[in-house]
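So the protein sequences, as listed, match chains A and B. If you read the first sequence in the numbering used here, its first letter stands for residue 1, the second for the next number, and so on. If you read the second sequence in the numbering used here, its first letter stands for residue 1001, the second for the next number, and so on.
Some clues are possibly wrong.
Partner residues are not named here, just some residues of chain A that face chain B (Cβ under 7 Å, in silico) [what the hints assert, rightly or not]:
id, residue
1, Q52
2, N115
3, R119
4, T125
5, G130
Distance windows between CB atoms, simulated [claimed, not checked]:
id, chain 1, residue 1, chain 2, residue 2, range
6, A, L64, B, Y1148, 15 to 25 Å
7, B, I1068, A, I13, 20 to 30 Å
8, B, L1060, A, F6, 48 to 58 Å
9, A, R66, B, E1149, 17 to 27 Å
10, A, Q76, B, I1115, 18 to 28 Å
11, B, I1087, A, V78, 27 to 37 Å
12, B, Y1137, A, N37, 24 to 34 Å
13, A, Q76, B, Y1148, 55 to 65 Å
Just so you know, these hints were derived from the structure itself, not from any lab. In this text, a Cβ means the ideal position worked out from N, Cα and C, and glycines have one as well.
Below are the chains, spelled out letter by letter.
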Amino acid sequence: MRKKLFFIISLIIFYSILSAVCFGQVQTRLRIIQASNIGSGIDPNLKDIHNQLGTLFNFTSYRLLRDERFILSMNQSVIIPVHQERVIEITLLGKGKGTAELRLKIRSEKTEILNTQVRLSSGRTVIIGGPKHGEGVTILAISANL
Amino acid sequence: MKESCNKISELIEKYFDNEATSHEMSIVEDHLKNCYKCQEMLSSHKLLRDIIKRPVDEALEKEDFSLIWKKVKGQIQLEERPNLWEIVRSWFEISYIFKKKILIPTVSAIALLLIILLTPIFYKKTTSLSGLSVVEYVESQTHNVMVYESEKNKLTVIWLFEEKVKESPDS
Chain A
1 MRKKLFFIIS LIIFYSILSA VCFGQVQTRL RIIQASNIGS GIDPNLKDIH NQLGTLFNFT
61 SYRLLRDERF ILSMNQSVII PVHQERVIEI TLLGKGKGTA ELRLKIRSEK TEILNTQVRL
121 SSGRTVIIGG PKHGEGVTIL AISANL
Chain B
1001 MKESCNKISE LIEKYFDNEA TSHEMSIVED HLKNCYKCQE MLSSHKLLRD IIKRPVDEAL
1061 EKEDFSLIWK KVKGQIQLEE RPNLWEIVRS WFEISYIFKK KILIPTVSAI ALLLIILLTP
1121 IFYKKTTSLS GLSVVEYVES QTHNVMVYES EKNKLTVIWL FEEKVKESPD S
């Protein structure tokens, strides 16, 4: 009898902890793309957003420099180097019905280049790009899997 | 007389077993008054019954029927499975926790734990989710920014343009 009761109580506590941990997490993906007019070709790993990029930009070449997937908990931040001195800091601020609220900060040394807050739904991509450097540009594609 | 005894011998067995009718009984009793042979036959029946009955009675006296019944009852209870309601009721009635009188504090502790763990989740779920725009705000100290949202392509673009021209202190 005691064993049964202990098992039930343990199950409740375990479920509570699991809910707190798992339900507050968001799998996030960051792709760093080098777009340019030098050469031509599309990286196979960008097929899912190639059409979207094609309708927006006139670059002839899209090359994937980095593909990062990470799981963010509430208020957890991740900092990833982007290009030269630039880094992007991604923070999960909230999670609602099929949406994740992210704060994105791009910094170069001590200068804050961009500070934005976006609400991502599953399948939606936020692209951050520019400014143009010569013939190319660095594009960041951020998406969340909810 | 002999024929009569033969007929009576059949009735004597019924008489001895108390299965004879009142008429048959009176016939047998009348006959027994005058027939020594049939009296002996009846006596031998009684003797035989006593010989068989005595050891049986002795064995019955020695046997403990209450113990036997207890064993039978135990077997019956083992075979009878309690229903779900009885199991649930037994948990509350005879559980260890109830006996120790710690049921209420335990339930309270679990409820408190659940509230502490789940409140942040519900709180986060309702924070700043108003509005339809994907980009809630955007600012840049160094660049001009353009925001483009396409519902068709499920795409949002935040584009940084050339660096802002710093305003001179003179202007």
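I want to verify a distance hint. Is the separation of the beta carbons of L1060(B) and F6(A) within 48 to 58 Å? holds (52 Å)
Can we keep the N115(A) interface hint, with Cβ of chain B closer than 7 Å? Holds: closest Cβ of chain B sits about 5 Å from N115(A), inside 7 Å.
Could you check the hint for me, namely that R66(A) and E1149(B) are 17 to 27 Å apart, CB to CB? Given range 17 to 27 Å: holds, Cβ gap about 25 Å.
Given a hinted range of 15 to 25 Å, is it respected by the beta-carbon distance of L64(A) and Y1148(B)? holds (22 Å)
Does G130(A) hold up as a contact with chain B if the rule is Cβ-Cβ below 7 Å? holds (4 Å)
Honestly, do Q76(A) and Y1148(B) meet the 55 to 65 Å range at C-beta? Hint violated: Cβ distance 29 Å, outside 55 to 65 Å.
Okay, I1068(B) versus I13(A) on CB: inside 20 to 30 Å? violated (50 Å)
Under the criterion of a CB-CB separation shorter than 7 Å, is R119(A) in contact with chain B as hinted? holds (6 Å)
Between Q76(A) and I1115(B), does the C-beta distance stay in 18 to 28 Å? Holds - the Cβ-Cβ distance for Q76(A) and I1115(B), about 23 Å, lies within 18 to 28 Å.
Hint validation: Q52(A) versus chain B, beta carbon distance must be below 7 Å. Holds or violated? holds (5 Å)
Lying within 27 to 37 Å: is that true of the beta-carbon distance I1087(B) to V78(A)? violated (50 Å)
Can you let me know if the beta-carbon spacing of Y1137(B) and N37(A) is within 24 to 34 Å? holds (33 Å)
In terms of the numbered hints stated before, the structure departs from hints 7, 11, 13, listed from lowest to highest.
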